[in-house]
Amino acid sequence: MSVTRQAPAALVAADDATSAAVATGSWHAGVWLLWALAAAACVQLAPSPVYVALVIGIASMVVSIHARPGPYARAFPMLLAVGVLFAVVRMVLTVATTHGLGDVLFSTPHFGLPRLLGGFTVGGTVELPVMLQSLNEGFAIVGVMGVFGAFNSVVSHSELVESTPRAFFEIGLVVVVGLAFVPATLSAIHQVREADRARTGGRPIRKGRLLRQIVPVLELGLERAVTLAESMDSRGFARLGASTRDRVAGWWGAASLLMLAGAFVALVGQAQTVATLLGLAGAAGLCAAIVLASSGSRRIRYRPRHMRRRDWAIGLVTVLAPLAMATVSVVGDSSLVWYASPLAWPALHLLPALALVPLVVPALVPPMEAA
Amino acid sequence: MSAISLRDVSFAYPDAPGAALSDAQLEVFPSELLLVIGASGSGKSTLLRTVNGLVPHASGGRFGGEVTVFGRSTRTHHPRDLADVVGFVAQDPESQSVVDNVERDIAFVLENLGFGQEAMRRRVEEVLDALGIAHLRNRDPSTLSGGERQRCAIAGALAAAPTALVLDEPTSQLDPQGADDVLHALARLNTDLGTTVVLAEHRLERAAPLADRAVLVADGRVGAPADPAVLLSAYPGAPVVTQLGRALGWDPLPLTVRDARRHALAEPLDLAAPQREDALVPGDPVVRATGLGVTLGGHRALRDVDLAVREGDVVALFGRNGSGKTTLLRALAGLVTPTRGQVTVADGASVAYVPQNPGAMLFSATVRRELEETLRLLGHRDAAVVDHWLRALHLDALADRHPRSLSGGERQRVAIAAVAVGGAQVLLLDEPTRGMDAPSRAALEDAVHAHAKAGGSVVLATHDVELAARCATHAVVLGDGDIVADGDARTVLAGSLFAPQVLRVMPPFLTVREVETELARR
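Sequences listed follow chains E and L, in order. Using this note's numbering, the first residue of the first sequence is number 1, and each one after it goes up by one. Using this note's numbering, the first residue of the second sequence is number 372, and each one after it goes up by one.
Don't take every hint at face value.
Counterexamples of contact, computed for chain E against chain L with all Cβ distances above 12 Å [what the hints assert, rightly or not]: (1) 41; (2) 213; (3) 214; (4) 228; (5) 232; (6) 240; (7) 323.
FRET-style restraints, in silico, Cβ to Cβ [claimed, not checked]: (8) L/385 / E/181: 50 to 60 Å; (9) E/61 / L/506: 26 to 36 Å; (10) E/203 / L/373: 39 to 49 Å; (11) E/207 / L/670: 48 to 58 Å; (12) L/514 / E/118: 42 to 52 Å; (13) E/117 / L/669: 46 to 56 Å; (14) E/223 / L/771: 18 to 28 Å; (15) E/218 / L/693: 21 to 31 Å.
These are calculated hints, taken from the structure and not from any lab test. C-beta: ideal position from N, C-alpha, C; glycine also.
Given only the sequences and the hints, what does the whole structure look like? Please build it.
Take a look at the structure:
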């Protein structure tokens, strides 16, 4: 009797799971993961500034349509800024240490480093091709950071954790909770800086500012962490404890990792056969441990959201972009990579630009079926 | 049989010299709403944390005695083993959510307890309805208001259908609307579902009428539970109407405006209208905003605001959250640049702003050094000011304590002292009484009076009409970035729907002190 009752209830639950997906109004986290990987691969395949700029443009479009409200909403501009900062620092270091390619812009005082530190010359001539080439490479890094930022601002992090094998749930949750401290800390820094200015009637005083500001930031973070830990403990986190199966899976996984380490040692020692065998055994063991731990998990997920057919379709469409780009690259397109010397404007060709079109699809196609 | 029982419970935090709780005895009956009152730092939080074993399991320290919750002892059960019988909600709404989705955060406890899919679905739906937050189910908790977040936290504790809920000042960080929502939700859970509720609160005017019994904690000693009205008769933090009843000798003491009005109608008093003690001599404006407009992140936070703060003025700035109170204070302090209009400060005057969260400011090892630090930063050498402000805010006894070891209200006072010691003529205080108990509030009021009397000015952004009734000379109401009322405090407060309690019982009196003065005169 109870069996016949349960069957329709399970159907109802499955039906409701789809309605949850509709209500959240965005693509599944897996789609965004595929999108981010595809976009990053495109930047790698076509690092010329024009194509990188196109990818950043697509990312910003994705963010403007799909950004989730919340602490990560500003991840895109912030990670872009981090990328730009990194690129500029990299450019300065490269320009200061690379010389002899001609086209000198100006010269600065220079000194040689001792042999122990590499023996190269710091300062001296600042050359245009070096600068442009370094900026070009830096821009590709900005592109990858932009894609990563866009991914963070559109994806639901809890959904991402949920999509991992069950064995990773606890550790994934800890990572997500830890990540959530980044925006909280940023807002704490903002508050503390303002409080510091307010204290002196708006007059900024630089001396000792770091200490004055770092102590409150750390203490605010600590208070938050303690409250969160108490809340998780009061809500029964880790109550089920480790089962025998979990322990077996743990030891099995550790042994597999040891085998992989052994494979690496064998590889260094030129013992190809042993390395291959150990490597295969280690990888297989690791997979088995994950499957074992996942099947043993007694934790049942609340309304798991699965990738539906539409999610898969869109996810696979985005993967077409790097495939197309790789095809263009194999066929041989000169515009994919740009070199600063001899100096010329980077070219924009039709085929590589068309190859990027699949990346736009998740932004334009509405996630739910039109009612 | 009692739901929760504490026998001979003593506890001391690690490295703390004194005991946080000593020989506590308490029986909580099933389905009752027990109110725990007491000043900040009295041991209320410690008492509540013993109920689900957070003390001593999460805190460490020396623990004696026995706490039994529905037959389970916290000696042998960790908080996680009690999650199905006791739900716990802390004070800070911002750091209690684990998952970035309301619905999933509520289900967190169910997943931990190993519930099945169907049972989880049903329970989450029920809890969403019980707290009236079904419309928030797909939101990220960090995008919600404080009151909404706190109701989500209660839902997260309630999902496991615990027989008891323990709440540690759940409304102290909320505005009045959010606090009302939370307390109403609790009252409903208690009356409709029969959930046992143990609640620590400062907002007694709301919480006391809901309680079956109350218990007073002072210096780590837990008193005998009693009827709330009886217990509050001698309590300094009693609701204003109760204090009024005490002054007029009403029996039984009223807890609500409704009860008090019945008394006032039954025994009408023939009192002359109150004399204005603080009739204001309008001085010169010290700070003046003219046509002030501020746009923050594309949102117009302030529109065309005109405001003059004069010498000796205490201005109360009202308005719901997001109405522009903080922005106005920050603009007056020069921390945001106006997009239109201007702020002018009189020659030789200075303006200082105390932000809402005192934790963002304090970093020294002692309270005294915290004040000296400001002087050092400003290059002042006058150590006498430090003592003056320590005394003014009743901090002298705490001068050698570490600011982090103090209660929320005490810390707020330290932050105010640390800013005021810089010698600014105009002090801008952003929600200074948030989370403050009665002694801290009284100390703050004294300091505000003294500063104004000495020719300074104070602007208080607040939700607290009682504070305004006692201190303010001038009141301003902001709504959606506009000034919607501006005038002397008595007129503005009297015309308000949310007038102070005394005014609603015995107009035209604003405060208990005014009534007492007229009684003495008679």
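Here is what the structure says about each hint:
1. 41: holds, 28 Å
2. 213: Since the minimum Cβ distance to chain L is about 8 Å, residue 213 of chain E lies within 12 Å and the statement is violated.
3. 214: violated, 8 Å
4. 228: violated, 5 Å
5. 232: For residue 232 of chain E, whose nearest Cβ neighbour in chain L is about 6 Å away, the distance does not exceed 12 Å, so it is violated.
6. 240: Contrary to the label, residue 240 of chain E does not stay out of reach of chain L, its closest Cβ about 6 Å off (not over 12 Å).
7. 323: holds, 33 Å
8. L/385 / E/181: 50 to 60 Å: At roughly 25 Å between Cβ atoms, residue 181 of chain E and residue 385 of chain L fall outside 50 to 60 Å, so the hint is violated.
9. E/61 / L/506: 26 to 36 Å: Between residue 61 of chain E and residue 506 of chain L, where Cβ atoms are some 30 Å apart, the hint holds.
10. E/203 / L/373: 39 to 49 Å: About 59 Å separates the Cβ atoms of residue 203 of chain E and residue 373 of chain L, which means 39 to 49 Å is violated.
11. E/207 / L/670: 48 to 58 Å: violated, 36 Å
12. L/514 / E/118: 42 to 52 Å: Taking Cβ atoms as reference, residue 514 of chain L and residue 118 of chain E lie about 50 Å apart, which means the hint holds.
13. E/117 / L/669: 46 to 56 Å: holds, 50 Å
14. E/223 / L/771: 18 to 28 Å: Hint holds: Cβ distance 22 Å, inside 18 to 28 Å.
15. E/218 / L/693: 21 to 31 Å: holds, 30 Å
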